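2 protein chains.
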Amino acid sequence: LPDNKNIADMLSKNEVKYIQSLCHKKSRDEEGLFIAEGPKIINELSRSNFEIVKAYALKEWVEKNAQNTKQIIVVSPSELARISSLKTPNEIVVIARQKVINGEPVLHGNLTLLLDDIQDPGNMGTIIRIADWFGINQIVASENSVELYNQKVVQATMGSICRVNVWYKKVDEWVRNVSVPVYGALLNGQSVYETGAIGEGVLVIGNESKGISEAVLKFVSNPVTIPKFGEAESLNAAIATGIILSHFRK
Amino acid sequence: LPDNKNIADMLSKNEVKYIQSLCHKKSRDEEGLFIAEGPKIINELSRSNFEIVKAYALKEWVEKNAQNTKQIIVVSPSELARISSLKTPNEIVVIARQKVINGEPVLHGNLTLLLDDIQDPGNMGTIIRIADWFGINQIVASENSVELYNQKVVQATMGSICRVNVWYKKVDEWVRNVSVPVYGALLNGQSVYETGAIGEGVLVIGNESKGISEAVLKFVSNPVTIPKFGEAESLNAAIATGIILSHFRK
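In order, the protein sequences belong to chains A and B. Taking this note's numbering, the leading residue of the first sequence gets 1109, the next gets one more, and so forth. Taking this note's numbering, the leading residue of the second sequence gets 1109, the next gets one more, and so forth.
A portion of the hints provided could be inaccurate.
[As the list claims (entries may be wrong)] Using 16 angstroms as the maximum straight-line C-alpha spacing, the simulated EDC-like pairs for lysine to aspartate or glutamate come out as follows: (1) Lys1134/B - Glu1255/B; (2) Lys1318/B - Glu1339/B; (3) Lys1148/A - Asp1280/B; (4) Lys1260/B - Asp1228/A; (5) Lys1133/B - Glu1255/B; (6) Lys1195/A - Asp1228/B; (7) Lys1336/B - Glu1302/B; (8) Lys1358/B - Asp1280/B; (9) Lys1260/A - Asp1228/B; (10) Lys1148/A - Glu1123/A; (11) Lys1148/B - Glu1339/A; (12) Lys1148/A - Glu1339/B; (13) Lys1207/A - Glu1168/A; (14) Lys1125/B - Glu1139/B; (15) Lys1207/A - Glu1159/A; (16) Lys1278/B - Glu1212/B; (17) Lys1195/B - Asp1228/A; (18) Lys1358/B - Glu1302/A; (19) Lys1260/B - Glu1212/B; (20) Lys1358/A - Glu1302/B; (21) Lys1207/B - Glu1139/B; (22) Lys1326/B - Glu1255/B; (23) Lys1134/A - Glu1255/A; (24) Lys1148/B - Glu1341/A.
Treat the hints as calculated values from the structure; they're not laboratory data. All figures in this text were calculated on a predicted structure; none of them were measured in a lab.
Take these sequences, add in the hints, and give me the full structure.
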């Protein structure tokens, strides 16, 4: 392997700029690519149906992961810092191709999440990670929800982006034609302690401040509620998702 | 009320600098103060045992909240932007006094959280909000946990900082003398589906990447686990807290 001094000369200014440009949605959309970071993500992407386009890693990472070094360009720590969007760059930056999901979510026999304008990237990523934990691999998100390939979303999924499919749809039109029960996280529904195990249906999670939109709310057949024992006004959207799914899986 | 032009002249450069300095831990500690923001927080602080030192609000807020205007200085939007640490300043910035909690957590008959080096301010604030939702008002945090008065922590509590007491302690020494069951969020414990309702005990939540430290782990008498149905490697610390507490309250 070349030493770090040589490595530092390997990335052209244009290449650095190109990678940096992918932290903007417009460039991501034009190129059909996205960025993922961290020492484990490349293996998770390899095992998924995402296509890895290119990767940039520190020498140390490459030495530890010899079997995966095909498309990997060795970079210096200062180069990694330049192309990373993390405060603390984490060994490897991967460029992967955005995925076109073939087919539609299979509603019968499965739980599916419907995200109605989730705006915070951390919440979106965390919800994908929670879904993955509870064995749910189908999420339908409203067109105004935060973009799946936003770097903060990708990062917060902690690799679960590789295993959970996210469709962006006009959710009020989509939910109208759903033929399974539609559960909704609401303040006036059945207690999660009383629903019993639920293995089929759509669970609607509303926007962080506005909740579920009117257009979607009218198709919620089964409102569910997390009983409150104290004084907090509400729970964060991702926390509510985690709690409700944990009770659905009881 | 003076018009915005006059208002804009009211805060001296020194006062702006002083308020800005409170976003640094060192200044907060020296002054024994902290900053809270948003239209509801001043009422929640008033109803708590926090002391409000000063507040800076937009004219619109003051007009809507006439009864609470005693200590309030009217500021212009541009002044608010200068003293706020939010991307989108939210009507009012409050300076309040840090609290010395009298007494110790009452362990018998209560649930108490033990946070073992929670580092992320968003997680810390969200955990305080979750505790408040589930009627838990006692948290013991390790001395290396993120500071309660960090602005991101205060913000993420969404007002629950007013109702939940947080003690910073040498937790390995403290937990040694606890005479109630000590539950710990772990990967190899009893399923949360099988614990039954739990109304007394300490629940230990570990660091985001390292989990529960060795020094605390040896005092965990009852490991509890959130069963996994999919592939995610772990759950976020705040999500795990929310799920476990929801099952303890069943």
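The hints, checked one at a time:
1. Lys1134/B - Glu1255/B: 11 angstroms, holds
2. Lys1318/B - Glu1339/B: Violated: Lys1318/B and Glu1339/B sit about 20 angstroms apart, past 16 angstroms.
3. Lys1148/A - Asp1280/B: 32 angstroms, violated
4. Lys1260/B - Asp1228/A: Roughly 15 angstroms between the alpha carbons, so the hint for Lys1260/B and Asp1228/A holds.
5. Lys1133/B - Glu1255/B: OK: Lys1133/B and Glu1255/B at ~8 angstroms, within 16 angstroms.
6. Lys1195/A - Asp1228/B: 13 angstroms, holds
7. Lys1336/B - Glu1302/B: Answer holds: Lys1336/B to Glu1302/B is near 14 angstroms, not above 16 angstroms.
8. Lys1358/B - Asp1280/B: The given pair, whose Cα atoms are some 29 angstroms apart, is violated under the 16 angstroms limit.
9. Lys1260/A - Asp1228/B: Holds. Lys1260/A to Asp1228/B sits at ~15 angstroms (cutoff 16 angstroms).
10. Lys1148/A - Glu1123/A: With Cα atoms ~23 angstroms apart, Lys1148/A and Glu1123/A exceed 16 angstroms; violated.
11. Lys1148/B - Glu1339/A: With a Cα-Cα distance of about 14 angstroms, the restraint between Lys1148/B and Glu1339/A holds, given a limit of 16 angstroms.
12. Lys1148/A - Glu1339/B: Between Lys1148/A and Glu1339/B the Cα gap is close to 14 angstroms, so the pair holds against 16 angstroms.
13. Lys1207/A - Glu1168/A: Since the Cα atoms of Lys1207/A and Glu1168/A sit roughly 30 angstroms apart, the hinted pair is violated (cutoff 16 angstroms).
14. Lys1125/B - Glu1139/B: Holds, at about 14 angstroms.
15. Lys1207/A - Glu1159/A: Satisfied, since the Cα-Cα distance of roughly 8 angstroms is no more than 16 angstroms.
16. Lys1278/B - Glu1212/B: Holds: Lys1278/B and Glu1212/B sit about 14 angstroms apart, inside 16 angstroms.
17. Lys1195/B - Asp1228/A: 13 angstroms, holds
18. Lys1358/B - Glu1302/A: 9 angstroms, holds
19. Lys1260/B - Glu1212/B: Violated, at roughly 26 angstroms.
20. Lys1358/A - Glu1302/B: 9 angstroms, holds
21. Lys1207/B - Glu1139/B: 12 angstroms, holds
22. Lys1326/B - Glu1255/B: 25 angstroms, violated
23. Lys1134/A - Glu1255/A: With a Cα-Cα distance of about 11 angstroms, the restraint between Lys1134/A and Glu1255/A holds, given a limit of 16 angstroms.
24. Lys1148/B - Glu1341/A: Holds, because 11 angstroms separates the two Cα atoms, which is no more than 16 angstroms.
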